[in-house]
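Undergrad: Sequence:
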Amino acid sequence: MIFKNSKKTHKSTIPSIISEDAKIQGTVISSGSIEVAGQIDGNAKCRAINIHKSGVVIGDIIAEDVIISGKTRGNIKTKNIFLTETGIVVGTICYKNIIITSGALIDGKLCKVEQNQAIKITTNKDMKNNLTNELKNDKEKI
Numbered sequence: 003m004i005f006k007n008s009k010k011t012h013k014s015t016i017p018s019i020i021s022e023d024a025k026i027q028g029t030v031i032s033s034g035s036i037e038v039a040g041q042i043d044g045n046a047k048c049r050a051i052n053i054h055k056s057g058v059v060i061g062d063i064i065a066e067d068v069i070i071s072g073k074t075r076g077n078i079k080t081k082n083i084f085l086t087e088t089g090i091v092v093g094t095i096c097y098k099n100i101i102i103t104s105g106a107l108i109d110g111k112l113c114k115v116e117q118n119q120a121i122k123i124t125t126n127k128d129m130k131n132n133l134t135n136e137l138k139n140d141k142e143k144i
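The sequence shown lines up with residues 3 to 144 when you count with this note's numbering.
Just so you know, these hints were derived from the structure itself, not from any lab.
Predicted model, so just to flag it, every value in this text is computed and none were measured.
It is possible that some hints are incorrect.
[To be verified] Keeping only pairs whose Cα atoms sit at most 27 Å apart, straight-line, the calculated DSSO-like set for lysine-lysine is:
#1 98 - 25
#2 55 - 73
#3 55 - 25
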């Protein structure tokens, strides 16, 4: 990965892969990394996400490390983000470290978080609990 300062080791080394012919609708949650060559219509919460040139995410992204070569529409909350020359972001990016390659496009707002400020990346268990509570609330409204 482009960000070498990552001090944590993670159990899962095999990424979740969304191939070019796949389209996911809904929230995608992983305790590891996600490789997106297809499309996610919903939020993505993970340790790391790599959006390939053919990849599209329409929704918010929360991850420690983000690499964007494809397209995103939504807000991004991350510690480290790298936009390649083909990367397109429409939305707000809150980050600690950012690399923007010439040719990348950002249509939105950049929100620098100071090094001593915490960016909370919730655990997989917390995300599942929150999602379960949201689903219960939605069912009660129906």
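Undergrad: Going back to the hint list, which numbers does this structure go against?
TA: 1
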